[in-house]
Amino acid sequence: MSHTRIAILRGFEFREKNTIIHRLDPRAKAIYTIVMSIITLMFTTPLPLLIIFLASFIVVLLAKVVKEWASTMKCIIILSLFIFVVNYLMAPTDKLNYAISMTMRLITLTSVFSIFFLTTSPEDFSLALLKLGVPYEYTLIFTMALRFIPTLARDLQMIIDAQRSRGLELEKGNVIQRVKKFLPILVPLVVYEIKRSFMVAEALEARAFGAIETRTYFYEIKMKPLDWILSTLLIMLLTLIVFLYLTNMLPK
Amino acid sequence: MLAIEVKGLYFYYTKDEYVLKDITLEIEEGESVAIMGSNGAGKTTLIKHFNGLLKPVKGYVKVLGRDTRKHTVAELSRLIGIVFQNPDHQLFAETVEKEVEFALRNFNFPESEIKKRTAKILKYFGLGKYREVSPFNLSEGEKKRLTIASVLVYEPEIVVLDEPTIGQDAIQRKRIIEVLKELIKSGKTIIAVTHDVEFATELFKRVVVLSKGRLIADGDIKDVLTNREVLEAANLLPSQVTECAWLLKDLGFPENIITVEELEEHIIKVI
Numbered sequence: 001m002s003h004t005r006i007a008i009l010r011g012f013e014f015r016e017k018n019t020i021i022h023r024l025d026p027r028a029k030a031i032y033t034i035v036m037s038i039i040t041l042m043f044t045t046p047l048p049l050l051i052i053f054l055a056s057f058i059v060v061l062l063a064k065v066v067k068e069w070a071s072t073m074k075c076i077i078i079l080s081l082f083i084f085v086v087n088y089l090m091a092p093t094d095k096l097n098y099a100i101s102m103t104m105r106l107i108t109l110t111s112v113f114s115i116f117f118l119t120t121s122p123e124d125f126s127l128a129l130l131k132l133g134v135p136y137e138y139t140l141i142f143t144m145a146l147r148f149i150p151t152l153a154r155d156l157q158m159i160i161d162a163q164r165s166r167g168l169e170l171e172k173g174n175v176i177q178r179v180k181k182f183l184p185i186l187v188p189l190v191v192y193e194i195k196r197s198f199m200v201a202e203a204l205e206a207r208a209f210g211a212i213e214t215r216t217y218f219y220e221i222k223m224k225p226l227d228w229i230l231s232t233l234l235i236m237l238l239t240l241i242v243f244l245y246l247t248n249m250l251p252k
Numbered sequence: 001m002l003a004i005e006v007k008g009l010y011f012y013y014t015k016d017e018y019v020l021k022d023i024t025l026e027i028e029e030g031e032s033v034a035i036m037g038s039n040g041a042g043k044t045t046l047i048k049h050f051n052g053l054l055k056p057v058k059g060y061v062k063v064l065g066r067d068t069r070k071h072t073v074a075e076l077s078r079l080i081g082i083v084f085q086n087p088d089h090q091l092f093a094e095t096v097e098k099e100v101e102f103a104l105r106n107f108n109f110p111e112s113e114i115k116k117r118t119a120k121i122l123k124y125f126g127l128g129k130y131r132e133v134s135p136f137n138l139s140e141g142e143k144k145r146l147t148i149a150s151v152l153v154y155e156p157e158i159v160v161l162d163e164p165t166i167g168q169d170a171i172q173r174k175r176i177i178e179v180l181k182e183l184i185k186s187g188k189t190i191i192a193v194t195h196d197v198e199f200a201t202e203l204f205k206r207v208v209v210l211s212k213g214r215l216i217a218d219g220d221i222k223d224v225l226t227n228r229e230v231l232e233a234a235n236l237l238p239s240q241v242t243e244c245a246w247l248l249k250d251l252g253f254p255e256n257i258i259t260v261e262e263l264e265e266h267i268i269k270v271i
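Same order as they appear, the protein sequences are chains R and S. Going by our numbering, the first sequence opens with residue 1, and the numbers climb by one from there. Going by our numbering, the second sequence opens with residue 1, and the numbers climb by one from there.
No lab work stands behind these hints, which were simulated from the structure alone. Any given hint might turn out to be false.
Derived pair list, reagent style BS3-like, types lysine-lysine, alpha-carbon separation capped at 27 Å [to be verified]:
#1 R:Lys172 x S:Lys205
#2 R:Lys172 x S:Lys98
#3 R:Lys172 x S:Lys249
#4 R:Lys181 x S:Lys48
#5 R:Lys74 x S:Lys205
#6 R:Lys181 x S:Lys116
#7 R:Lys195 x S:Lys48
#8 R:Lys17 x S:Lys15
#9 R:Lys195 x S:Lys115
#10 S:Lys212 x S:Lys269
#11 R:Lys180 x S:Lys115
#12 R:Lys74 x S:Lys15
#13 S:Lys115 x R:Lys172
#14 R:Lys181 x S:Lys143
Put together the whole structure using the sequences plus the hints.
The structure is reproduced here in structure tokens:
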């Protein structure tokens, strides 16, 4: 059961691969993600959004992460349908076009972000954040959160197994009864994870976390020529589109 | 009737990575069996098949004649109680009493019966004074006993314990052994997953050994736990008694000694 629920997270789980996309500097990839997200949010017609989406798919192919990417995309099908229906009902005019565009936005944004997380290791990501001036404590929180997702899923599964073995039937009863049935699962999970976070904190302190102000790093990241070229091109693209947008030359 | 019948069981979580391979196992009613093996051998995966938490990919598992594929986990759990390793994965209620009542309520026991059984089992496990206390305030040993109590309270025909002695101090361990001894004597089918050779020899006549998902030994504990190949494959050390007998081999000590009494007997003979 929990296996299906965490499937969406699998699409954000990094696996080591040696492709041109994986080798890019995390900052270049972050620029790609940010630029593409901004552009996505500037368009409200299906065609340009479709083009951005297809462009992101080319990146997926280059990074050889089609399977992982597909599993994320599969998970947003229901949400996409929901967004489509709501927007269709709420749109003042041109209902179909508007609903399709809004749905395309979600799909494109998910695709773009999925690419970033699928091809950037948590270590690279936190190094990139550090270079951007985020304090180490905060980047560590992020890396650890990612690291603990599979652990959390395993704990959840063990708790579900233990409570089902004591006769808990999650699938039975009306809505209120069912919500109540999540207590025997949520309580041990929350208590256990809090306990675990204290243990991790103690382990960190035992290894002199925060003992010196300025940390040095074993791995360093470096912008290579390709990273500079890509970043420049992306920023030029963004500038162009923003210019067109401000001068009302963009198809609305 | 067989308490548990496993036939040609294969299982994987992700395709082609078999966790259990061709397991065939029969456990009679009233039998007590230890399941041993190294970490990752598939012991916990195997016991999760006993109440249908996991369903076989190939083969079948029957509990008191019921095929686990055709019954819900709740139906099967009524017959076979499983106590998992870590109390933190199941304790949730506001009070110790409510924790014990949980399974009884799930199985729709009448209110009067719930009160009666809960009071009795808490007393039996020495937890009576904690009736109104939060389970989270108990010591590790008490938590463990509480999880065992919360399963025994509904009197399942078969009781399965996953690593009951792990992390327990000598006194707690002894208490658990005493409870299990009494259960075995009363004719219940008891199965325990364990790494603890001394614990196994003290309670069980039969031991099943798993290694890399396969069943590599099944038989009298005296033979299995004194077999060097099996011990090595299961990452187990022989018990101190056995080791002692092996060292005294030249004096004519047999190799398959596992209990202190046997060893004593032979020492007296030699003297």
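**Study point:** Numbered hints the structure breaks, given as an ascending list
**Key:** 1, 3, 5, 9 and 10
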